[in-house]
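Go by the hints and put chain L onto chain P.
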Amino acid sequence: MGKRLISNFRIFIEGAILAYRALFRWLQPSTYLASKVLAPLTMMIFFVFIGAYANGSNSASYYVIGNALIFTASSGIFGVTMSIGGERWTGTLPYLFGSPANRLVMFSGRSLVHILDGMLGVFIGLGWGVLLFGLDLTKTDPLALGFVILVTTFSTASLGLLMGCLSLITRNVMLVNNTMYFLLLLFSGANLVVETLPKWMQVVSAGLPLTRGITASRLIISGGKLQEVLPMMRVEFLIGLGLSLLGYVMFRVFETKAKQLGTLDIF
Amino acid sequence: MTWDHFKKTVNVVTMAFEVEMRQNLTDGFVLFGILLQPLIIAFMALWMLKEKGPDYSIFVVVGSGMTGLWTTLLFQGGNSITGERWNGTLEPLVGSPSSLQVIVFGKVLANISQSLFSMVVCYSIISFVIGYPLVIVDPMLFLISLVFSIFAYVCFGLLIASLFILIRDIGRMINTLEFPVYILCGFLFPITMLPGWTTPFSYLLSPYWAAQALHGAASGSATPAQLLMYWGLLLGFSVIYVVASRWLYRVILYKARVDASLDTEG
Numbered sequence: 000m001g002k003r004l005i006s007n008f009r010i011f012i013e014g015a016i017l018a019y020r021a022l023f024r025w026l027q028p029s030t031y032l033a034s035k036v037l038a039p040l041t042m043m044i045f046f047v048f049i050g051a052y053a054n055g056s057n058s059a060s061y062y063v064i065g066n067a068l069i070f071t072a073s074s075g076i077f078g079v080t081m082s083i084g085g086e087r088w089t090g091t092l093p094y095l096f097g098s099p100a101n102r103l104v105m106f107s108g109r110s111l112v113h114i115l116d117g118m119l120g121v122f123i124g125l126g127w128g129v130l131l132f133g134l135d136l137t138k139t140d141p142l143a144l145g146f147v148i149l150v151t152t153f154s155t156a157s158l159g160l161l162m163g164c165l166s167l168i169t170r171n172v173m174l175v176n177n178t179m180y181f182l183l184l185l186f187s188g189a190n191l192v193v194e195t196l197p198k199w200m201q202v203v204s205a206g207l208p209l210t211r212g213i214t215a216s217r218l219i220i221s222g223g224k225l226q227e228v229l230p231m232m233r234v235e236f237l238i239g240l241g242l243s244l245l246g247y248v249m250f251r252v253f254e255t256k257a258k259q260l261g262t263l264d265i266f
Numbered sequence: 000m001t002w003d004h005f006k007k008t009v010n011v012v013t014m015a016f017e018v019e020m021r022q023n024l025t026d027g028f029v030l031f032g033i034l035l036q037p038l039i040i041a042f043m044a045l046w047m048l049k050e051k052g053p054d055y056s057i058f059v060v061v062g063s064g065m066t067g068l069w070t071t072l073l074f075q076g077g078n079s080i081t082g083e084r085w086n087g088t089l090e091p092l093v094g095s096p097s098s099l100q101v102i103v104f105g106k107v108l109a110n111i112s113q114s115l116f117s118m119v120v121c122y123s124i125i126s127f128v129i130g131y132p133l134v135i136v137d138p139m140l141f142l143i144s145l146v147f148s149i150f151a152y153v154c155f156g157l158l159i160a161s162l163f164i165l166i167r168d169i170g171r172m173i174n175t176l177e178f179p180v181y182i183l184c185g186f187l188f189p190i191t192m193l194p195g196w197t198t199p200f201s202y203l204l205s206p207y208w209a210a211q212a213l214h215g216a217a218s219g220s221a222t223p224a225q226l227l228m229y230w231g232l233l234l235g236f237s238v239i240y241v242v243a244s245r246w247l248y249r250v251i252l253y254k255a256r257v258d259a260s261l262d263t264e265g
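Protein chains in written order, with numbering that gives the first Met the number 0: chain P, 0 to 266; chain L, 0 to 265.
Note that these hints are calculated values from the structure, not bench results.
Wrong hints could be hidden among the right ones.
Quick partial rundown of chain P residues pointing at chain L, CB under 7 Å, derived from the structure [as the list claims (entries may be wrong)]:
#  : residue
1  : 33
2  : 34
3  : 37
4  : 38
5  : 41
6  : 49
7  : 52
8  : 53
9  : 171
10 : 177
11 : 181
12 : 190
13 : 191
Simulated pairs of lysine to any residue, SDA-like, Cα-Cα distance not exceeding 20 Å [to be verified]:
#  : chain 1 : residue 1 : chain 2 : residue 2
14 : P       : 198       : L       : 49
15 : P       : 258       : P       : 88
16 : L       : 49        : P       : 58
17 : L       : 49        : L       : 124
18 : P       : 198       : L       : 129
19 : L       : 49        : P       : 57
20 : L       : 7         : L       : 91
21 : P       : 198       : L       : 126
22 : L       : 49        : P       : 59
23 : L       : 49        : P       : 201
24 : L       : 51        : P       : 197
25 : P       : 256       : P       : 245
26 : L       : 49        : P       : 54
27 : L       : 49        : P       : 55
C-beta atoms are modelled at their ideal positions from N, C-alpha and C, and glycine is treated no differently.
Isolated chain P, as found in the complex (with noise of 0.2 Å):
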């Protein structure tokens, strides 16, 4: 049992680091700051402007943090499935799905450096809010604003996890992942105050992971407590799992329907 325990963990830490290297050696440094640090930073300053031309310049803090937790679904839902999807794409996934290895394991580790991507990323859109928008972050409580950041990260990896498995059945993955980010966008708060928006779509925004991310970041960086968020995140970490647990399922189901019909890697 602890042997297996040990061997699973392996798989975890290594399967993560190995299918990360292998499938993102195109993301050089030059590349990583264009698409990680200054793309989502142009988003950023664009949505700023557009909340000052509308509410004036002191909203600036509410859009620079909903557009820094949005730098989470850039790690979590491009890089995850990228992760998943990419197997299929440079030819290797027969091998895992050939491979004795915990299937849950492996398709769970897949999401774990991008979680951490995420979250620097997260760090590095609230240190541009800081620099360039005055973002005051004297009344936060770094502890529970990493707790809200991390648990955020999770729930957007596993919407990752979830569109990865959508990646091996179609050829259109980046409308898959584009179609979902800017949804996120949309629902999300990011941008638009939930509240206000029609009945149809506060549903659709509770049900979807970096909502209440994005409503705890608020509250904690306005000088809010962690018990104060901790029902937020409760259900933002459930909605993660949920999302894991049906990504996982359906990683299952492709991969047994894959054998069966012999379509592992036909596009």
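Using the frame of chain P, we list chain L on its own:
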């Protein structure tokens, strides 16, 4: 240019236009860029600016439309040549007697036209849902501004496509180039909100003048003299882009022959 040569050029543009249009209709990512992304941005912008009242709806609709045009131009137009390289069709295109520049012109024109058509449909839906009327104060001036804008966009596309080939780092930075143009060109908020040092950069971008012309004609805030100036600038920029890209395409083909790098991924 003789009449016969002109007819052949138009024929090549038409063929490139048709093939690109057909290919786009089967590409999910292109459809996302043309339909979904501008729709979502338009909805968000309309919702964020709704406190400003219905007068702003046409500003937001035109501005969002321009974001869609720019995104299409950047990702589709920018990859016009690179895409052929990925598909392995660049060598036959270069080997054909038609000019590569003319072929790319037809392709970018198809992208921009598709983006424009879909936007009209999308924004009609959005304004219907949100309930704001879309009133163009001077439709004729708006239409003329639109023609100048499209021409300037397509010519800009010629330049971008060649730069993506020659300076491959630009291609890698593609995601970084999307929003800065939204910001600098005043698509959805006036550039007076930006720091003063950014203004010269705005003036150097033809989409900024296209935004000025379209916003001005749609809301009636621009005088005929101002519109004439915007059209003149758009035309001037277009000529510069065409001349510059003509030279760049020669450099590309020369380099490809010398380095044998026509289908080499960088």
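Going down the list of hints, with the structure as the test:
Proximity of residue 33(P) to chain L holds as hinted, the smallest CB-CB distance being about 4 Å (cut-off 7 Å). For residue 34(P), the interface hint holds, since its Cβ comes within 7 Å of a Cβ in chain L; the closest pair sits about 5 Å apart. Hint status for residue 37(P): holds, given a least beta-carbon distance of 5 Å to chain L, under 7 Å. The criterion of a C-beta within 7 Å of any C-beta in chain L is met by residue 38(P), whose closest approach is roughly 4 Å, and the hint holds.
At a threshold of 7 Å, the smallest CB-CB gap from residue 41(P) to chain L is about 4 Å, leaving the interface hint in force. Nearest Cβ of chain L to the Cβ of residue 49(P): about 5 Å, under the 7 Å cut. The hint holds. The beta carbon of residue 52(P) is positioned within 7 Å of a beta carbon in chain L (closest approach about 4 Å), and the interface hint is therefore held. Interface restraint check for residue 53(P): the shortest CB-CB distance to chain L comes to about 5 Å, inside 7 Å, so the restraint holds.
This hint holds: residue 171(P) has a C-beta 3 Å from the nearest C-beta of chain L, less than the 7 Å allowed. Contact between residue 177(P) and chain L, as hinted, is supported at the beta carbon level, the nearest pair being about 5 Å apart and thus within 7 Å. Among the interface hints, the one on residue 181(P) holds; its C-beta lies about 5 Å from the nearest C-beta in chain L, closer than the 7 Å criterion. The restraint placing residue 190(P) at the interface with chain L holds, with a minimum CB-CB distance near 6 Å, inside the 7 Å limit.
The closest approach between the C-beta of residue 191(P) and any C-beta of chain L is roughly 5 Å, which is under the 7 Å cut-off, so the hint is satisfied. At most 20 Å may separate the alpha-carbon atoms for a hinted pair to count; residue 198(P) and residue 49(L) meet this at roughly 17 Å. Straight-line distance between C-alpha atoms of residue 258(P) and residue 88(P) comes to about 17 Å, which keeps the hinted pair within the 20 Å bound. Pair hint residue 49(L) plus residue 58(P) holds up; C-alpha atoms about 16 Å apart against a cutoff of 20 Å.
At most 20 Å may separate the alpha-carbon atoms for a hinted pair to count; residue 49(L) and residue 124(L) meet this at roughly 16 Å. For the suggested pair residue 198(P) and residue 129(L), the alpha carbons sit about 14 Å apart, so the restraint of at most 20 Å is met. The straight-line distance between the Cα atoms of residue 49(L) and residue 57(P) is roughly 18 Å, inside the 20 Å bound, and the hint therefore holds. Proposed proximity of residue 7(L) and residue 91(L) is supported: the alpha carbons are some 18 Å apart, at most 20 Å.
Note on residue 198(P) and residue 126(L): the hinted pairing holds, with a Cα-Cα distance of about 19 Å set against a maximum of 20 Å. Under the criterion of a C-alpha separation no larger than 20 Å, the hint pairing residue 49(L) with residue 59(P) is consistent with the structure, at around 18 Å. Between residue 49(L) and residue 201(P) the CA atoms are separated by roughly 18 Å; this keeps the pair inside 20 Å, and the hint holds. Under the criterion of a C-alpha separation no larger than 20 Å, the hint pairing residue 51(L) with residue 197(P) is consistent with the structure, at around 19 Å.
Distance check on the hinted pair: residue 256(P) and residue 245(P) sit about 16 Å apart at the alpha-carbon level, within 20 Å; holds. Under the criterion of a C-alpha separation no larger than 20 Å, the hint pairing residue 49(L) with residue 54(P) is consistent with the structure, at around 10 Å. Taken as a hint, the residue 49(L) and residue 55(P) pair is honoured in the structure, with Cα atoms around 14 Å apart against an allowance of 20 Å.
In summary, the structure agrees with every hint in the numbered list given earlier.
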